[in-house]
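Please construct the entire structure, taking both the sequences and the accompanying hints into account.
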Amino acid sequence: MRYSEYFLPTTREIPADAELASHIYCLRAGLIRKVASGIYIFLPLGMKVLQKIETIIRQEMNAKGAQEVLMPVLQPKELWEKSGRWTEYGPEMMRLRDRHERDFCLGPTHEELITSTVDAEIFSYKKLPLHLYQIQVKFRDEIRPRFGLLRGREFIMKDGYCFCRNQKELEVIYQQMYEAYARVLERCGLDYAVVEAESGIIGGEVSHEFVVLADAGESELVLCPGCGYASNAELAHFSWTTIPDREDMKEAALVETAGIKTIEALAHYLSVEPKKTIKTMLVQEGKNIFAILIRGDRELSLAKSARHLRRSIGLVEQDTLNAHPEIRMGYVGPFGLNAIPILADLELKESQNMVIGANRDNFHMVNANVGRDFQVDEWGDFTYPVWGDKCSKCANELEFKRGIEVGHIFQLGTKYSKSLGATFIDEDGQSQNFVMGCFGIGVTRLLASIIEQKHDERGIIWPVSVAPFQVIILLLNPTNNRQREAAEHLYEIFQKHGLEVLLDDRDERAGVKFTDAELLGIPFICLIGNKLEREGLVEVKIRESGDSFELPLEGVVFRIQEIMGNQERGIQVDKGDTF
RNA sequence: CGGGAUGUAGCGCAGCUUGGUUAGCGCGCAGCGUUCGGGACGCUGAGGUCGUGGGUUCAAAUCCCACCAUCCCGACCA
1 MRYSEYFLPT TREIPADAEL ASHIYCLRAG LIRKVASGIY IFLPLGMKVL QKIETIIRQE
61 MNAKGAQEVL MPVLQPKELW EKSGRWTEYG PEMMRLRDRH ERDFCLGPTH EELITSTVDA
121 EIFSYKKLPL HLYQIQVKFR DEIRPRFGLL RGREFIMKDG YCFCRNQKEL EVIYQQMYEA
181 YARVLERCGL DYAVVEAESG IIGGEVSHEF VVLADAGESE LVLCPGCGYA SNAELAHFSW
241 TTIPDREDMK EAALVETAGI KTIEALAHYL SVEPKKTIKT MLVQEGKNIF AILIRGDREL
301 SLAKSARHLR RSIGLVEQDT LNAHPEIRMG YVGPFGLNAI PILADLELKE SQNMVIGANR
361 DNFHMVNANV GRDFQVDEWG DFTYPVWGDK CSKCANELEF KRGIEVGHIF QLGTKYSKSL
421 GATFIDEDGQ SQNFVMGCFG IGVTRLLASI IEQKHDERGI IWPVSVAPFQ VIILLLNPTN
481 NRQREAAEHL YEIFQKHGLE VLLDDRDERA GVKFTDAELL GIPFICLIGN KLEREGLVEV
541 KIRESGDSFE LPLEGVVFRI QEIMGNQERG IQVDKGDTF
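Every letter in the first sequence is one number past the one before it in the working numbering, and letter 86, counting from 1, is 86.
Just so you know, not all the hints are guaranteed correct.
List of simulated lysine to aspartate or glutamate pairs, DMTMM-like, C-alpha gap at most 25 Å [as the list claims (entries may be wrong)]:
{"hint": "1", "residue 1": "Lys390", "residue 2": "Asp191"}
{"hint": "2", "residue 1": "Lys82", "residue 2": "Asp141"}
{"hint": "3", "residue 1": "Lys349", "residue 2": "Asp373"}
{"hint": "4", "residue 1": "Lys415", "residue 2": "Glu121"}
{"hint": "5", "residue 1": "Lys275", "residue 2": "Glu220"}
{"hint": "6", "residue 1": "Lys48", "residue 2": "Glu500"}
{"hint": "7", "residue 1": "Lys261", "residue 2": "Glu273"}
{"hint": "8", "residue 1": "Lys393", "residue 2": "Glu196"}
{"hint": "9", "residue 1": "Lys541", "residue 2": "Glu508"}
{"hint": "10", "residue 1": "Lys415", "residue 2": "Glu68"}
{"hint": "11", "residue 1": "Lys34", "residue 2": "Asp17"}
{"hint": "12", "residue 1": "Lys34", "residue 2": "Asp215"}
{"hint": "13", "residue 1": "Lys418", "residue 2": "Asp119"}
{"hint": "14", "residue 1": "Lys349", "residue 2": "Glu378"}
{"hint": "15", "residue 1": "Lys168", "residue 2": "Glu68"}
{"hint": "16", "residue 1": "Lys401", "residue 2": "Glu457"}
{"hint": "17", "residue 1": "Lys415", "residue 2": "Glu81"}
{"hint": "18", "residue 1": "Lys287", "residue 2": "Glu326"}
{"hint": "19", "residue 1": "Lys541", "residue 2": "Asp507"}
{"hint": "20", "residue 1": "Lys261", "residue 2": "Glu299"}
{"hint": "21", "residue 1": "Lys77", "residue 2": "Glu121"}
{"hint": "22", "residue 1": "Lys418", "residue 2": "Asp428"}
{"hint": "23", "residue 1": "Lys48", "residue 2": "Glu488"}
{"hint": "24", "residue 1": "Lys418", "residue 2": "Glu169"}
The following label-pair restraints were derived from C-beta to C-beta distances [what the hints assert, rightly or not]:
{"hint": "25", "residue 1": "Val73", "residue 2": "Glu326", "range": "46 to 56 Å"}
{"hint": "26", "residue 1": "Glu533", "residue 2": "Glu399", "range": "50 to 60 Å"}
{"hint": "27", "residue 1": "Asn396", "residue 2": "Arg246", "range": "20 to 30 Å"}
{"hint": "28", "residue 1": "Glu397", "residue 2": "Lys82", "range": "43 to 53 Å"}
{"hint": "29", "residue 1": "Leu346", "residue 2": "Asp428", "range": "38 to 48 Å"}
{"hint": "30", "residue 1": "Pro9", "residue 2": "Gln561", "range": "24 to 34 Å"}
{"hint": "31", "residue 1": "Cys227", "residue 2": "Glu533", "range": "55 to 65 Å"}
Source of the hints: derived by calculation from the structure; they are not laboratory data.
From the three backbone atoms N, C-alpha and C, an ideal C-beta is built for every residue, glycine too.
Here it is, written out as structure tokens:
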């Protein structure tokens, strides 16, 4: 491709809308342009990268026997009413009506459609397992789209659904997908973690998230350097470090703490460490309130709480509190809470002489002790790990990182096949619900994550595997015939060897070309300039390392292929079916 | 949806507090000339419903009201 003819608008200024590197560089390097909040057009360069990523995904999916389909974005209401999700899904689902007043939605996901399709065609266990996937635009009317492609409303997703005879068969496919996902991320050159993502409400499901490590990421991860344990911070297991010294139980007493409603203020006022206090968190499901006691210096994990209670809960709301005059906000404690169940974090089981809310305005209790001064209905694990906490499996100190969730694999079981009545006939002639799995990769999000992890202050640093071009030739003096001819010749050589090459033949100053080449992040930058004129040498710069070397024209392609080959071998790619 | 902020040329911004002639600057864009290995210089030029609607006023980019859009912080997710 000749740069002079290519639709590739780069910008010098940082767009006012963007904050994250991936967002800024997607715009500056001419990959995308915004159409509306969370909605983007992909320009030719962005399109190329997208296709590269999709190809990698296709190869890995096909290699595991998954078959590609394409489903519509527009889906009829009836389908969603069958699964109950037309009402369940909420405002995130974009609904619209056609000229005949029929209701549709823009598909936020495709479980309903795929399940009903398979159900209509597959009747026998002999046809199972079946694994279908698609790479398609999905639409979710996000409450708050942000960070460019990282959280769009319209985004491209690869989603796969497998239909199995039983749990065992599902587990085999699940394992295969685990491997396939890992390979996709490796081939994209990414540093990532796989974390268990247990689902709170519906027990028994197995689920893993694939998270690209990046400081800008929205999910917080806990990693153990010792045993490799990885988890969402909000669900992470850990063992607490501070085992309290044994002390004698002191006499409990009420102290006046007028106007003191936070742990910090309380600890300061009473001159105790925050960890010697207990805070009482209130959560609710519908109108039901639960009190959860945790150590004052800890944070409540709603995810863990939800899992423990097996309910979908949120922090208590003012409306709900109005019906409970016995609750004294700011001084809540496990006293006189009537019918409200009191749960407590296991960490408090051995605690002694704690400060705790008295559930009486302007009073706390000091030297409170479990069992003597207050009772607990249920013990559980309700808090996040913090710096210094140890791995519950191997006792190493846990590490904290942030990441971007790009993939999620799920053992669905019969949730959708049941609600949609999708069945097959098994070996015994009995009707059974399909046992399903679903597997998603956010393709556009993956693109953004790569930039988020692979960039510097000058621009993107594409891994060769997804780079829109492997090589860019900078013709520094387009008016110089010898240099022009050399550049054209080199351009042909690259093409003949199957490399994707961008020839910067624009009538621009050298500085512009250098800056753009680095912004675009093309892995190999070949300079045709004075060096060529004087010594017949091409200067090759490697974008990632900044290293450079000089070679005669004819040798360049082999050297580049050699370097690329070495990188590929590091990943050990065996190509699956391609088409 | 709650909290914060912004909307002026393709992009980045000033002007608004204290209303007053043809609304500015930088980059980019077009033409000509000089330049040409890290975003050159000179000259000429094109480009604006000042987010939209209403109001106040002799007069509104500027003051008031409403709405819309966009971004950032919270609850959701690939």
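Exercise. Which hints from the list above does the structure break, by number from lowest to highest?
Worked result: When the structure is compared with the hints, none of them turns out to be violated.
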